[in-house]
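As they're listed, the protein sequences go chains A and B. Residues in the first sequence are numbered from 2 upward in steps of one, following our numbering. Residues in the second sequence are numbered from 3 upward in steps of one, following our numbering.
Where hints are given, some of them may not hold.
[What the hints assert, rightly or not] Stretches of chain A that chain B covers, calculated by requiring three or more beta carbons in the stretch to come under 8 Å of a beta carbon on chain B:
no.	stretch
1	10-24
2	111-124
3	146-155
4	168-179
Keep in mind that the hints were calculated from the coordinates and are not lab data. Every residue gets a Cβ at the ideal spot worked out from N, C-alpha and C, and that includes glycine.
Listed here are the chains, written in short residue letters.
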Amino acid sequence: MPSALSLLNPRPTLEQLECSPSRRDGISSDLEEDMRGIGCRLIQDAGILCKIPQATIATAQVLFQRFFYVASLRRFAVLDMASASLFLAAKLGECATRISSLTLAFDHVAKRLRGQPTDVFEAFSQEAYDYKTKLIVGEMQLLKRLGFHTTVQLPYGLMINYLRILGLEEREDVANKCWALLNDGLATPIYILFTPQALACAAIDLSCRLFAIRLPDSPPESAWYELFDTNREEMDIIIGWFARLYLRRGNIALGDLVARPENFAQENGDSVASNTLLGTPSTHWANIPIRLEELEALFKRQ
Amino acid sequence: MEVKKSKWDDDDDLVEPVKRPRKEKKKAIVKETPPPRILPTKSAAPPVHLTPDVRSTPPPNVPTPPPPQPRRLVAQSPFLQGCRHVDNYEKLNRIEEGSYGIVFRARDRETGDIVALKKLKLEKEKNGFPVTSLREISTLMMCKHPHVVNVREIVVGDKLDQIFIVMDFVEHDLKSLMEEMQSPFLSSEIKTLMLQLLSAIALMHDHWIVHRDLKTSNLLMNNRGEIKVADFGLARQYGSPLGNMTQLVVTLWYRAPELLLGQKEYSTAVDMWSIGCIFGELVNKEPLLPGKSEIEQLDKIFKLLGMPDEQTWPGFFKLPHAKNINFAQQPRGNLRARFPYLTENGFDLLSRLLAYDPEKRITAEEALRHPYFSESPPPKDPALFPTWPSKGAGEKRKVYASPSAPQAQHAALDDDLAGSIFAPSTESTGFRLKLGANALK
Ligand SMILES: Nc1ncnc2c1ncn2[C@@H]1O[C@H](COP(=O)(O)OP(=O)(O)OP(=O)(O)O)[C@@H](O)[C@H]1O
Ligand SMILES: [Mg+2]
Chain A
2 MPSALSLLNP
12 RPTLEQLECS
22 PSRRDGISSD
32 LEEDMRGIGC
42 RLIQDAGILC
52 KIPQATIATA
62 QVLFQRFFYV
72 ASLRRFAVLD
82 MASASLFLAA
92 KLGECATRIS
102 SLTLAFDHVA
112 KRLRGQPTDV
122 FEAFSQEAYD
132 YKTKLIVGEM
142 QLLKRLGFHT
152 TVQLPYGLMI
162 NYLRILGLEE
172 REDVANKCWA
182 LLNDGLATPI
192 YILFTPQALA
202 CAAIDLSCRL
212 FAIRLPDSPP
222 ESAWYELFDT
232 NREEMDIIIG
242 WFARLYLRRG
252 NIALGDLVAR
262 PENFAQENGD
272 SVASNTLLGT
282 PSTHWANIPI
292 RLEELEALFK
302 RQ
Chain B
3 MEVKKSKWDD
13 DDDLVEPVKR
23 PRKEKKKAIV
33 KETPPPRILP
43 TKSAAPPVHL
53 TPDVRSTPPP
63 NVPTPPPPQP
73 RRLVAQSPFL
83 QGCRHVDNYE
93 KLNRIEEGSY
103 GIVFRARDRE
113 TGDIVALKKL
123 KLEKEKNGFP
133 VTSLREISTL
143 MMCKHPHVVN
153 VREIVVGDKL
163 DQIFIVMDFV
173 EHDLKSLMEE
183 MQSPFLSSEI
193 KTLMLQLLSA
203 IALMHDHWIV
213 HRDLKTSNLL
223 MNNRGEIKVA
233 DFGLARQYGS
243 PLGNMTQLVV
253 TLWYRAPELL
263 LGQKEYSTAV
273 DMWSIGCIFG
283 ELVNKEPLLP
293 GKSEIEQLDK
303 IFKLLGMPDE
313 QTWPGFFKLP
323 HAKNINFAQQ
333 PRGNLRARFP
343 YLTENGFDLL
353 SRLLAYDPEK
363 RITAEEALRH
373 PYFSESPPPK
383 DPALFPTWPS
393 KGAGEKRKVY
403 ASPSAPQAQH
413 AALDDDLAGS
423 IFAPSTESTG
433 FRLKLGANAL
443 K
């Protein structure tokens, strides 16, 4: 059957979800989650370094995440596919970026994130050449394995719109918090599993609870989020993913806070809640393989 | 620095050639990934179930998200799936070699459906997948509309650089069809076709997509009286503010005056001008402005519509090439005389489509509501259109000379990229206006 094409985000099959190609290749779900996490982090950092707009950086992370529902981390290195995703997303976002800038940026952020010396490789070295080749092949693999389904519908614009409809357009702090949450959430599967509407609602819901802002949600059949095609259950699952993300990143306080926002708002008030939600980098980034050799070495050690 | 061919060769498990024994040998060489060995996991979490990391004692009330189910994604959203192999289709005949792609008629081996396969030309790419082809595919895939040609999927060949767009096969293109017809379309038919075209373009413009190559040969027509907009080879989605886009777009005969005069920022209005030219062509069954060069094109426009001035087109004199125009000659315009049988409303619509000032030019949305479409005769029911033998299906073959889109477009350098390192040292291929001081005499 030819696949249907449309504006909608493509979704994984149940099979792809239950047993991703990497799992079939012997990679544990924990390791897979870490490897996806570091890939997204690399894209985010390199994107900022290359001055690429956030919407494009987000698109790249979604493409990267999608790719590993159809391909294995054992065959395609995190670093290569992260760079290829940003390379492709930049073209799709009409802000195409030079290959050399991208490879340099990724090399730099990878070294920085993993606490290695950030020396720069020679522009015309074999290393630079290999990088470029991998980038171009990676881009083609992305396109081909995603069946050219490169449409990525993002929740940022919806989130701003919903805030306006909810009369919260003045609350810059809330908007910023939503923005930070939506950025952090790129490292989780929520962009693959949920509609942009549900993501926007969950970010607003969580932010408002953190700031102890009550949204109209009674009687239940006219809860505010239903206006935006979202239900409570979806938002709770998404928020659960946030809690899990922060806990995994070793940010216990934050994970706790996200898990129990009501208590938090009562106990701590607005001032703490307005701190950034971005997870702090933890030392364990250094141990996550981003190259195929590193992954195989890890396998040997086990 | 060329990418090593071997890197591009397909060693792919996704792409299964359909029963082609020759290929099997090749597949056997493919290196298998090592057999899976499960790494011991830190927390013995089931595949996608969510267990908080054991590195920390989880706080008591962490809601554990249930296993994710993609249930909320809308039913029609496609599954994540790789490209299939082109061998799923049986090639029947070559339809036409366009300036860039080769188009084949083919049969889906599974369903028997007749399709059109457009092969993308990707050979000379140094910067990965060409951004123009990416735009063609992504805009086409986005524009799901009854009057935009339907893309079924993208398939690949054995090499990574063999890529085909699979579309529904459409029997005719409007250009060859009109050349073969004895008499022009009836006005009821023209209304139907114009409404269809406008509705497709309204959708595109609504999504900030400009087609940039509307012309009769890029409008396909089936035997059920339906137009399908095709060839998104120059299409792109633009952001706001309008970036600096290349002016090397739109086949000369259909090219808006602001492009001819070198305006750097333009928008959907360039498509509306092309639609004006197409409207005129449908009515008179001959191209409206068949210029042979950019200079002659402008000259033909001035003769048809009269000279633009500050009134009809504020800011016109400031356009880059406006100073090269010879104003000694002041043609008055003869649009009405060219369309003696068009009703007042029809003429009004035509003039609005051909408005000099892009700001004043009618939009697709407005044009759809124009009184021309509600006056008698009403648009003809598409089902009542006559049928013609299909040229693409080889039912009748004739070769016509047809102008083509500016070629520089399809090359790697494009738009904002021109001048960056993405642009190789290639020179612009001479499509820019080279107006001398006494041009347009
Ligand atoms: N879906 C289709 N069904 C039938 N014929 C088609 C289809 N798509 C394209 N064709 C035929 O192939 C021709 C070329 O296709 P298209 O315009 O997409 O390619 P192109 O290379 O960009 O052409 P050009 O640059 O000359 O406009 C069309 O004019 C039409 O005759
Ligand atoms: Mg064409």
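key: Coverage criterion applied to the stretch 168-179 of chain A (partner chain B; beta-carbon cut 8 Å; 3 residues)   = It is violated, with 0 qualifying residues against the three required.
query = With a cut-off of 8 Å between beta carbons, are at least three residues of the stretch 146-155 of chain A near chain B?
reply = With 7 residues in contact (Cβ-Cβ under 8 Å with chain B), the coverage given for the stretch 146-155 of chain A holds.
query = Are there three or more residues in the stretch 111-124 of chain A whose C-beta lies within less than 8 Å of some C-beta in chain B?
reply = violated (count 0)
message = Between the stretch 10-24 of chain A and chain B, are there enough contacts, at least three residues with CB-CB distance under 8 Å, for the coverage claim to hold?
response = holds (count 12)
Of the numbered hints listed earlier, those contradicted by the structure are 2 and 4.
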